[in-house]
Amino acid sequence: MIRRLLIANRGEIAVRIAGTAHRLGIETVGVYSDPDADALHVDSVDLAVGLGGSTPATSYLRVDAVLSAAIDTGCDAVHPGYGFLAENADFARQVIAAGLRWVGPTPEQIELLGDKVAAKRAALEAGVPTTEIIEITGTDVPGGVPMPALVKAAAGGGGRGMRVVRSEAELADAVAAASREAESAFGDGTVFIEPYLEHGRHVEVQIIGDAHGYVVHLGERECSIQRRNQKVLEEAPSAGIDDATRRTLCEGALALARHVGYQNAGTVEFLVGADGTITFLEVNTRLQVEHPVTEAVTGVDLVELQLRVAAGEPLPFTQDEVTFSGHAIEVRVVAEDPSAGWLPSTGTLTRFDIGAGVRVDRGFRAGSVVSGDYDSLLAKVVSHAPTRSEAAWVLARALRSSAIVGVRSDVDCLAAILGEPDFLDARTPTSYLTDHPAVEQAVGPEGDDRIAQFMGAVLVDEAAARAEDEHLGFAPSGWRNLWTHGQRSIWIDRGDGSEVPVEVRPSGDGFDVRVGPWPAPTEDGSLAPDDRAIHRVRRLAHRGDELAVEVDGVRRRLEVGDDGSVVHVSGPAGCTTWTRAPRFADHDAAAAGGGPVAPLPGSVLSVHVSPGDQVTDGQLLVVVEAMKMEHQITAAAAGTVTEVRVAAGDRVDTGDLLVLLDTSAADD
Amino acid sequence: MTVLRTRLDTSSPAYLENLAAMQELWDEVAAELASVPTVGGQRYVDRHRRRGKLLVRERIEALVDPYTPFLELSPLAAWGTEDPVGAGTVVGIGVVEGTEVLISGSDMTYRGGSANPTTVAKGARMAEIARANRLPLITLNESAGAELPRQADIFVPGGASFKNLTQLSKLGIPTITVGFGPATAGGAYTPGMSDYTVFVKERATAYLGGPPLVKMAIDEEVDEESLGGAEMHSRTSGLSDHLAVDELDAIRIARDIVKHLRWSKLGPGPTEPADAPRYDPAELLGCASADVRIPFEVREILARLVDGSRFEEFKPLYGDKMVCGWASICGFPVGIIANNGILFSEESNKGAQFIQLCNKAHTPLLFVQNITGFMVGSKAEQGGIIRNGAKLINAVSNSEVPHLVLMVGASYGAGNYGMSGRAYDPRFVFSWPNHRIAVMGPKQLAGVMDIIARNAAAGRGQEIDEEALNAQTSALEHLVEEQSTALYATGRLWDDGIIHPADSRTVLGMALSATHGNEVRGATEYGVWRH
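Chains as they are written, first to last, in our numbering: chain U, 1 to 668; chain L, 1 to 531.
To be clear, the hints were calculated from the coordinates, so they are not data collected in a lab.
For each residue, glycine too, the CB sits at the ideal point set by N, CA and C.
The reader is advised that the hints may include incorrect statements.
As the list claims (entries may be wrong) - Each pair of labels, with its calculated beta carbon distance range:
| # | chain 1 | residue 1 | chain 2 | residue 2 | range |
| --- | --- | --- | --- | --- | --- |
| 1 | L | S264 | U | S565 | 47 to 57 Å |
| 2 | U | I490 | L | R43 | 29 to 39 Å |
| 3 | L | V156 | U | D524 | 38 to 48 Å |
| 4 | U | E470 | L | R278 | 22 to 32 Å |
| 5 | U | D496 | L | E24 | 49 to 59 Å |
| 6 | U | W393 | L | D27 | 49 to 59 Å |
| 7 | U | E470 | L | R51 | 31 to 41 Å |
| 8 | L | N398 | U | G516 | 50 to 60 Å |
| 9 | L | D27 | U | D509 | 16 to 26 Å |
To be verified - With the Cβ distance kept under 7 Å, some of the chain U side facing chain L (calculated, not the full set):
| # | residue |
| --- | --- |
| 10 | T430 |
| 11 | S431 |
| 12 | R466 |
| 13 | D469 |
| 14 | E470 |
| 15 | H471 |
| 16 | A475 |
| 17 | W479 |
| 18 | R480 |
| 19 | T484 |
| 20 | I490 |
| 21 | P521 |
| 22 | S526 |
| 23 | H587 |
This is chain U alone, in the form it adopts within the complex (with noise of 0.2 Å):
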């Protein structure tokens, strides 16, 4: 039995193998690195060891820090969770060599399963049902490949170093690209290629094997929506397949761990084309982001058996005894902006809460700083109902239902998936995101909810107002004797980026509100017409965050956080976040010329411009490379290059100012 248990990872996945081993009694010693030494992964374990650095090769992936963390405090195990040391073959073989459990498959099983090409070969082998493969030697490139084709490389994942292949005139390149690519990411140039099926969806069998020979399956996950080859929703049971097809998927990824001995818990990763062919992808040697559905379909706790495994224990269940009960969506919370590319986006969470009824394994708090340092998963949220519809909505209610304030998130895309037909209907191929771009352009509540969440913002300001007036705050908001207009403020919608002028007048108990532009001179001088719809507007009820305002009759709950620049409403249609844009422009910065800003916290790769230089509209000025991604700057009109700010090697946060633009003469 497992006494004292090393869990060598951080956020949520930490977190939740921590209270699994808690629950069974087992002692916790986390790790972390310099940025989460306060993180909620590091409060959620018995006691924490520091491993300095703030990258993941300078911490989490020190094999040598982690593996004397689990020595010093006394650990008899090592859960890697996933990700970092988890498919690290040598990692888990000083594990071992320390007398320490290893609660994964073998060393030799991660090597094995680890190289692509191997585990295809393995898999072929095994009778498991998948489509041919090309390895490639060298660079030479085979003749007649069937098109369309994919080239992967041996190792890693993620989609690196993956190429999809139309014309067998782009093979070369291709090969030559994706090798280049993983070698550069993980050290290996091995690449092969497979045939590419079309509107494909990815399922994966979850297995899990003891040290006595036992394998069982614990069914599907399909896990088809997916942006650049990153998991976004993952449920169980796959609502493509017929039976048919699961029973072979099962069944071939039982064979295949038999073929290989497997212990310890495993995903057998498939594609399956729109004709049903099917095509094995690899296996993943750990515990997957994705295991919740799985937990909540068959109702066993995945990291249990994995420590049971781990500690000698026989499989507590046979494979006749596994049951599959309703259907489970999980969606992956993360700090990324759909609408900008699934733009990583960091910053302080100052506030992060998510709605009632599903299971929420998260790896951050309110206070928790996003960092671009790691990955960008804030937590996953698990509906599990009768029927995947019913999941779908459980779901998309939780996820309207949440305030995450500080980063980006993508829950406002989220809860779109889970209410657009395609999806409801189980039409969702991997090309899913592709092919519905405008469930990325999601921003929220629409319509009346959304002006409620306005006026939630716009009151919670003229509040906040009032407050501030520390002379005469008796007196009514904004109180006339003689009337020239109401008050008027111009907000930033943060979902879009539109600005939405207002107008307040109070009146009686209320407000009058005006949205829209409010009447400009006319050409002759007179004002144009007045066409905005008033709006009648109470606040019934505002203590602390909490707001209830009534617009035109219809009274909405809310909860409205002003950190200062930012108003972010919450309630149960959703979030919104607003920008009182500054009352007066700034000259001064005018005067001093534009820029443009990092759009991330990165370093800068490289410098194109210097002062002096003329620059034409769209043109190349500096290279910023964050979350693993080359950001190309941009001049955003022709002008002169007044200062460079930055050089190559320096780090920059977000909003900084890279090259001062004079972009007058332009407009002469």
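Could you slot chain L onto chain U? The hints should help.
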């Protein structure tokens, strides 16, 4: 503390009838107020906007802090005179960067913002308010100068405006002038005498003599910009401290200036709970008689005016036509002296004593005027009504705590003086629309004149031409009636504005807060008491 209880039946026909009559009086005032922003004519308003300029009140809206109140003073100044209603300027109390300030601005749409005699009088009143209450002054300047055809009534008294600016500065009361347009001749001293100046680029100008006059006087040909433009004054003459890009930029700079003043008030802040009255202040509109000849209970007004309707009455059983007591309004402690009609000796003595008590306690005084005058007649005279009235006037005149006056009905005769009328330098005077003010009621005045005419005729042994005398008496009554209305009074700056009765708490609260900009300290010495 005792809480006032109402005996007013707000569903009674008498109340509702009076309410309707008061509403009618207010509607008349409201219509006048609504006309003020376009008093210069829609054509000139449009022309102003066509030039990309904000109207004066739009500038003020941009200047004050969001959602804060703004109390415009004497908005109907010059009503009933040959000058435009409002006198072509706006004066008011507002909040800029958390600081209560006095804001004034000229209305360029009326004769190019030129000054008329009422403008001068309103400006003098403004300076007095700034001085007495220590309110920083922001002037939004844009004026063609004096209305030349009226120069005889402007030139000599108008000079005080520049003296006032530098005297405010001497007292440490900051003065800020923002130039949006011309400041010509004497007007150039408005920025010249100010502590801080902001000039709007390509808009503001200041010169003693414009290009035509310069050509006439010294035969120099010069354009307006080089003679007195914003750039020149910002870069060369130094008259302008800040060159603003546009109007809103100038307002932004003015706000920054106020911010750096780190201004603090000398008076104490509000010390009492500022809870709403138990009875709805909206009912104030029906509390006072629309026809001031009909008596009403002034305590019904107080019950809807003071915090929590709490009122600690002083000498309730003595001199009961004068109601005195302690209360608070919007958290500011006040001593209140209110009338239920006429003043007798007892009322005069009671008032004189109460004023002294409030001065000892450094408590501001609110006079709620509803007064028909001092009692006359042999009994009153023998009882020493002059001597006792003199005590009241002595106390009022020499009292040094801030006085506020609320006119809720009649203000006739020397009662106006005893109740700190305009001539007694109260910090602020506000009137309800039913207010009447004159040396006596029009009917009495006409009646007195009638008796005098009859006595004179009898003395000369002449026959009375009844018809002619009746016509004369009736005409006089009408004239006095016209000259004693609230609108007539406010037009002549006898008050600081007619307010909606339901706004009284807000207006008095703002006025009290303004008075606390200065020290609140009671008098220790008075004139000789005639006992």
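Here is what the structure says about each hint:
1. The hinted window of 47 to 57 Å between L/S264 and U/S565 is violated, with their beta carbons roughly 28 Å apart.
2. For U/I490 and L/R43, the Cβ-Cβ distance of about 30 Å falls inside the hinted range of 29 to 39 Å, so the restraint holds.
3. A C-beta distance of roughly 41 Å is found between L/V156 and U/D524, which places it inside the suggested range of 38 to 48 Å.
4. About 27 Å separates the C-beta atoms of U/E470 and L/R278, a value consistent with the hinted range of 22 to 32 Å.
5. For U/D496 and L/E24, the Cβ-Cβ distance of about 50 Å falls inside the hinted range of 49 to 59 Å, so the restraint holds.
6. Under the hint 49 to 59 Å, the C-beta atoms of U/W393 and L/D27, about 56 Å apart, fit the expected range.
7. In this structure the hint that U/E470 and L/R51 lie 31 to 41 Å apart at CB holds, the actual value being about 37 Å.
8. Against the hinted window of 50 to 60 Å, the Cβ-Cβ separation of L/N398 and U/G516 comes to about 58 Å, which satisfies the hint.
9. For the pair L/D27 and U/D509, the supplied restraint of 16 to 26 Å holds, since their beta-carbon distance comes to about 22 Å.
10. Taken as an interface hint, U/T430 does not check out: its beta carbon lies about 50 Å from the nearest beta carbon of chain L, beyond 7 Å.
11. Restraint check, U/S431 versus chain L: the minimum CB separation of about 49 Å is more than 7 Å; hint violated.
12. Because the closest C-beta pair between U/R466 and chain L is about 6 Å apart, less than 7 Å, the hint holds.
13. Here the hint on U/D469 is kept, as its CB sits about 5 Å from the closest CB of chain L, short of 7 Å.
14. The criterion of a C-beta within 7 Å of any C-beta in chain L is met by U/E470, whose closest approach is roughly 6 Å, and the hint holds.
15. For U/H471, the interface hint holds, since its Cβ comes within 7 Å of a Cβ in chain L; the closest pair sits about 5 Å apart.
16. At its closest, the beta carbon of U/A475 sits 4 Å from a beta carbon of chain L; the interface hint therefore holds under the 7 Å criterion.
17. Interface restraint check: U/W479 against chain L, minimum CB-CB distance 4 Å, threshold 7 Å, status holds.
18. A hinted interface residue such as U/R480 counts as satisfied when its beta carbon comes closer than 7 Å to some beta carbon of chain L; here the least separation is about 6 Å, so the hint holds.
19. The beta carbon of U/T484 is positioned within 7 Å of a beta carbon in chain L (closest approach about 4 Å), and the interface hint is therefore held.
20. Given the 7 Å rule on beta carbons, the hint for U/I490 is violated: about 12 Å separates it from the nearest Cβ of chain L.
21. Look at U/P521: its Cβ gets to within about 4 Å of chain L, closer than 7 Å, so that hint holds up.
22. With its C-beta approaching chain L no nearer than about 5 Å, U/S526 sits inside the 7 Å limit, and its interface hint holds.
23. With a cut of 7 Å, the hint placing U/H587 at the interface with chain L holds, because the nearest CB-to-CB distance is about 5 Å.
Hint compliance for this structure: hints 1, 10, 11 and 20 are not met, and every other hint is.
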